[in-house]
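**Student:** Protein chains in written order, with numbering that gives the first Met the number 0: chain H, 0 to 503; chain A, 0 to 458.
Treat the hints with caution; some may be incorrect.
Stated by the list, open to error - With a straight-line cut-off of 30 Å between C-alpha atoms, the simulated DSSO-like cross-links for lysine-lysine are:
| no. | chain 1 | residue 1 | chain 2 | residue 2 |
| --- | --- | --- | --- | --- |
| 1 | A | K432 | H | K115 |
| 2 | H | K405 | H | K477 |
| 3 | A | K432 | H | K195 |
| 4 | H | K405 | A | K321 |
Said to hold, decoys possible - Which residues of chain H face chain A? A partial, calculated answer using Cβ under 10 Å:
| no. | residue |
| --- | --- |
| 5 | E41 |
| 6 | P53 |
| 7 | R69 |
| 8 | R73 |
| 9 | A160 |
| 10 | D164 |
| 11 | R165 |
| 12 | S178 |
| 13 | V186 |
| 14 | Q283 |
| 15 | G286 |
| 16 | F339 |
| 17 | F346 |
| 18 | L354 |
| 19 | H428 |
| 20 | F434 |
To be verified - Reference listing, derived: stretches of chain H covered by chain A, where coverage requires no fewer than 3 residues with Cβ under 8 Å from a Cβ of chain A:
| no. | region |
| --- | --- |
| 21 | 110-118 |
| 22 | 364-375 |
Hint data in this document are derived by calculation from the structure and do not stem from the laboratory. Glycine is no exception: its CB is placed at the ideal position from the N, C-alpha and C atoms.
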Amino acid sequence: MSPETETPMQRERAQTIYEKSKAGRRAAVLPEAGVPERPLAELIPSNLLRSEPPRLPEIAEPEIVRHYNRLSRRNFDLDTGFYPLGSCTMKHNPRLNERVAALPGHARLHPAQDPKRAQGALELMWLLQESLSEICGLPHVSLQPSAGSHGELAGLLLTRAYHADRGEERTKVLAPDTSHGTNPASVTMAGYEVVKVATNERGGVEMDDLRAKVDDDVACLMLTNPNTLGLFDENIAEIASLIHAAGGTLYYDGANLNAVMGHSRPGDMGFDIVHVNLHKSFSQPHGGGGPGAGPIAVSDRIEPFLPRPQVVRRESSNGGGPSFDLDHERPKSIGRLRGFQGNFGVFVRSYAYILSLGADGLAEASETAVLNANYLKARLAQGRAGQRLPIAFNRHCMHEFVLSGKPMKKELGLATLDLAKRLLDFGFHPPTVYFPLLVEEALMVEPTETETKESLDAFADVIEQILAEAESDPEIAKSAPYTTPVRRLDEVKATRRPVVRQPL
Amino acid sequence: MTRYTSATAGDRAEMLAAIGVDSAADLFEQIPEPLRLGRPLRLPDGMSEAEVYERLAELAGRNADAEAQVCFVGAGMYDHYVPAIVDAITQRSEFLTPYTPYQPEISQGGLQVMFEFQTAMSELTGLPVSNAGLYEGPSALASAGYLAIGATGRRRFVVSRGVHPHSRETLATYSQGYDAEVVEVGLEGGATDAAALAAAVDGETAAVFLQNPNFLGAVEDVEALGAAAKEHGALLVVAVDPMTLGILKPPGECGADIALGEGQPLGNRLDFGGPSFGFFCSTEAQIRRMPGRIAGETDDVDGRRGFVLALQTREQHIRREKATNNICTAQALNALGAMVHLAWLGREGFRELGELLVQRTAYARERLAAVEGVELLHEAPVAREFAVRLDAPVDRVLERCAERGIAAGYPLGREYPEFSDGLLVAITERRSKGQIDELADALGAAVAAERAGSEAGVR
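Construct the complete structure from the given sequences, taking the supplied hints into account.
**Tutor:** Next comes the structure, spelled out in structure tokens:
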């Protein structure tokens with residue numbers, strides 16, 4: 000691309016805050032110590048002291064603000080445009096939730112505050128536990144895990160403790176060969192061996208393969224339902240009874256919960272342990288890669304092993320109202336998964352979201368998510384997309400669906416990656432690409448309930464336009480994007496010879 | 000119409016027609032009938048925004064936060080002043096609402112922040128490599144255990160009792176999965192018992208875990224303690240309080256292979272415990288075993304400087320069960336808060352703040368030690384937190400102080416039964432001399448009142 004066609008942002012070479020630093024500049028003005036001061040070496044032995052301060056940037060406040068504001072403009076974000084990233088549930092992040100999370104009673108509450116003086120916070124956690132319990136159809140909840148994969152690890156350690164308590168030692172965990180990569184990674188960390196279960200053409204569990212692999216050495220089966228193709232696995236009841244008959248637990252990866260809130264519950268499907276991604280279904284902003292939270296809901300037989308401490312409600316003995324407490328006395332507990340009580344700020348936002356929508360609103364959110372997905376699927380079944388990007392399995396989907404770019408690649412020479420990069424030029428975040436692995440050149444599309452019909456139409460129109468463009472000149476997409484702050488980046492170099500900090 | 004959705008009745012009709020069904024309910028027929036809920040969720044009806052605000056404000060109002068009380072509680076999370084620009088920047092949509100930077104061309108802002116953050120943490124800890132952040136402190140320490148097993152092929156951890164109890168408990172939890180043994184080494188005079196540590200480390204030890212300052216506030220001689228790890232080929236893992244690293248010798252200069260910790264003191268509010276972030280730094284030798292995300296510098300096709308997620312071949316989506324960890328969250332927004340805070344403090348301000356903490360802590364320690372019924376739990380040097388013993392039941396004293404609007408500290412008894420009379424007191428730049436004096440008065444009065452009460456009871 001010639002320099003004349005560079006966008007202003009492209010012309011602006013990336014400069015880190017360290018490169019804008021100049022000795023003698025500063026932003027912070029600190030309070031005076033206000034106490035009699037003594038030489039540092041009198042207080043701490045000098046061999047334990049630092050000789051030179053860390054080379055942090057030296058820069059005044061106005062330039063810090065400009066630096067990060069300018070950087071922010073080099074990000075695409077959900078508040079700016081459509082983000083149909085499959086399996087990620089990029090729904091609107093209500094600003095109300097930010098406001099209530101920032102109330103001093105939440106934001107400046109010390110986590111070690113005496114429970115007597117943190118009754119509001121503990122009640123909020125208890126109410127969120129109760130809400131998630133009802134939504135998941137399982138009686139007990141721990142809010143402690145900090146992310147989906149943390150919930151997975153928790154679920155597997157709970158399974159281990161459950162079997163150990165029964166005097167059993169099991170070594171294998173079953174997971175579909177199409178499962179998200181964190182599933183097998185968590186299995187290994189929990190000390191189990193992963194056994195892959197084949198997937199049928201509908202993305203569901205291949206029942207014959209499952210029957211062949213279930214034995215009394217199987218500790219757990221990890222599944223998501225709807226499955227990774229966005230289809231509900233109608234064999235789930237039979238799967239559950241197979242696993243339970245063999246003495247295993249059934250784990251539900253809640254990545255796809257947004258499809259079924261108020262319509263179907265993992266507990267009723269037979270799952271023993273569920274993790275819920277509060278940053279997906281319950282509107283916690285993703286923050287460019289965290290924070291999130293991954294609470295778990297479990298059945299009665301798993302409850303004794305839940306992490307500690309657990310938020311509990313205690314009824315008053317003297318006729319007063321109930322009170323809330325942290326229960327540390329849980330002799331069979333697997334123990335802590337992290338410090339303090341969990342990502343409370345995320346709990347506040349998610350509870351505000353649940354209060355805002357209520358029972359009917361949550362059900363309608365899932366219904367609209369499913370409606371939007373099926374509508375977009377129908378739009379993309381027409382025209383060029385229908386030819387070049389066929390749906391991987393053509394029946395009604397739940398909240399997401401998967402297209403295959405195989406014909407597009409074969410007929411136009413355009414890989415799914417090229418289509419994704421060309422979408423960037425049109426102001427759309429691409430769908431999830433190359434996942435699930437069972438679909439060649441996969442594109443996984445999840446529009447969520449908060450998108451308008453107009454957004455969905457515009458996305459379908461742009462896909463059509465890119466495919467038409469590629470019929471006349473496939474090179475355009477192959478070299479895309481053109482308008483982004485930087486163009487395609489050399490990811491191999493970043494791995495082969497990693498430069499992971501600014502040299503100073 | 001539900002909250003946050005846009006589909007009008009007309010939209011729905013058009014969409015259903017395009018799909019070829021009569022109602023949205025038809026789309027849910029793929030769920031076998033017995034598995035359909037068939038009733039509304041047993042949750043309250045939705046509320047207006049104003050009503051939700053009032054309800055949440057009412058709950059928040061029943062918490063004694065650090066504006067309602069003067070907070071001397073630390074134990075890993077501290078009531079530091081978070082500068083206003085942190086809120087302004089972290090609340091920008093462009094940082095608040097994107098997903099993980101899977102499309103680097105439209106994620107340069109976030110990726111560059113990660114790169115800047117990694118540089119800052121590397122500078123703070125004196126180690127060359129930092130990741131982009133983990134969930135929080137204690138689970139970061141447990142992740143270091145997993146790395147150490149991979150690096151050494153051994154499954155035995157030696158942990159100082161000066162390491163945060165939550166970190167030790169989390170390591171023990173994870174070790175059920177790691178099939179690893181955790182051996183604890185006690186304290187002597189507030190600091191890790193060096194002889195006991197040297198005796199506990201052997202050729203089967205994967206890692207030695209220290210914390211500096213330790214949970215009781217004592218500044219440890221990490222270099223001397225770490226020699227045992229070096230001798231037996233175990234990794235030296237040091238948890239640090241980032242706010243002390245302007246003053247204390249960085250772990251990288253004390254022989255640490257891994258330095259990690261709770262990041263909350265940097266640019267993150269208390270939030271009743273989270274979300275915050277954990278940081279994780281290592282030597283070059285461990286870079287390919289690192290947990291979490293790492294941003295790296297590269298070029299685009301036209302030669303422009305850019306940033307991407309580097310070393311993804313360690314990660315779950317490629318390595319699956321052989322991944323270095325299962326963590327794919329970087330707490331990116333919290334790490335951004337830390338980076339802005341660190342830039343705001345700057346090289347000089349960061350050191351000054353560290354010194355301010357040391358000076359005020361020294362004053363507070365001396366002031367409290369002079370109070371009748373209060374004595375130091377240990378005499379080891381401290382930086383920003385110290386432990387005292389009370390000559391009266393700690394919970395009763397805390398209650399009396401709370402009634403005066405002071406959260407006087409963290410009671411040690413639950414996690415250190417040997418210090419059932421112990422109280423941990425933390426200082427930040429928000430705790431003025433006047434507040435420290437008031438704490439001393441309150442503690443003195445509370446201990447005296449309890450002693451008078453118990454004497455009266457004896458009579």
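**Student:** Indicate, hint by hint, whether the structure satisfies it.
**Tutor:** Comparing the hints with the structure gives:
Taken as a hint, the A/K432 and H/K115 pair is honoured in the structure, with Cα atoms around 28 Å apart against an allowance of 30 Å. Restraint check for H/K405 and H/K477: the C-alpha separation of about 15 Å stays at or below 30 Å, so the hint holds. Of the supplied pair hints, the one linking A/K432 and H/K195 is violated, its CA atoms being roughly 62 Å apart against a limit of 30 Å. Annotation: proposed proximity of H/K405 to A/K321 holds, straight-line Cα distance about 29 Å (limit 30 Å).
The beta carbon of H/E41 is positioned within 10 Å of a beta carbon in chain A (closest approach about 9 Å), and the interface hint is therefore held. For H/P53, the interface hint holds, the least distance from its beta-carbon to any beta-carbon of chain A being 4 Å, beneath 10 Å. Interface hint status for H/R69: upheld, as the beta-carbon distance to the closest one in chain A is roughly 8 Å, under 10 Å. Hint status for H/R73: holds, given a least beta-carbon distance of 4 Å to chain A, under 10 Å.
The interface hint given for H/A160 is met, as the beta carbon of that residue sits about 7 Å from the closest beta carbon of chain A, less than 10 Å. For H/D164, the suggested interface contact is broken, since its CB lies about 12 Å from the closest CB of chain A, more than 10 Å. Of the supplied interface hints, the one on H/R165 is violated, with its beta-carbon coming no nearer than about 16 Å to a beta-carbon of chain A, more than 10 Å. Interface restraint check: H/S178 against chain A, minimum CB-CB distance 9 Å, threshold 10 Å, status holds.
The beta carbon of H/V186 is positioned within 10 Å of a beta carbon in chain A (closest approach about 6 Å), and the interface hint is therefore held. Contact between H/Q283 and chain A, as hinted, is supported at the beta carbon level, the nearest pair being about 9 Å apart and thus within 10 Å. The interface hint given for H/G286 is met, as the beta carbon of that residue sits about 3 Å from the closest beta carbon of chain A, less than 10 Å. Because the closest C-beta pair between H/F339 and chain A is about 3 Å apart, less than 10 Å, the hint holds.
For H/F346, the shortest C-beta to C-beta distance to chain A is roughly 9 Å, which falls under 10 Å, so the interface hint holds. Look at H/L354: its Cβ gets to within about 5 Å of chain A, closer than 10 Å, so that hint holds up. Here the hint on H/H428 is kept, as its CB sits about 7 Å from the closest CB of chain A, short of 10 Å. For H/F434, the interface hint holds, the least distance from its beta-carbon to any beta-carbon of chain A being 7 Å, beneath 10 Å.
Against chain A, the region 110-118 of chain H contributes 7 residues with a C-beta closer than 8 Å to a partner C-beta. That satisfies the three-residue criterion, and the hint holds. Residue count for the region 364-375 of chain H with a Cβ under 8 Å from a Cβ of chain A: 8. That meets the three needed, and the coverage hint holds.
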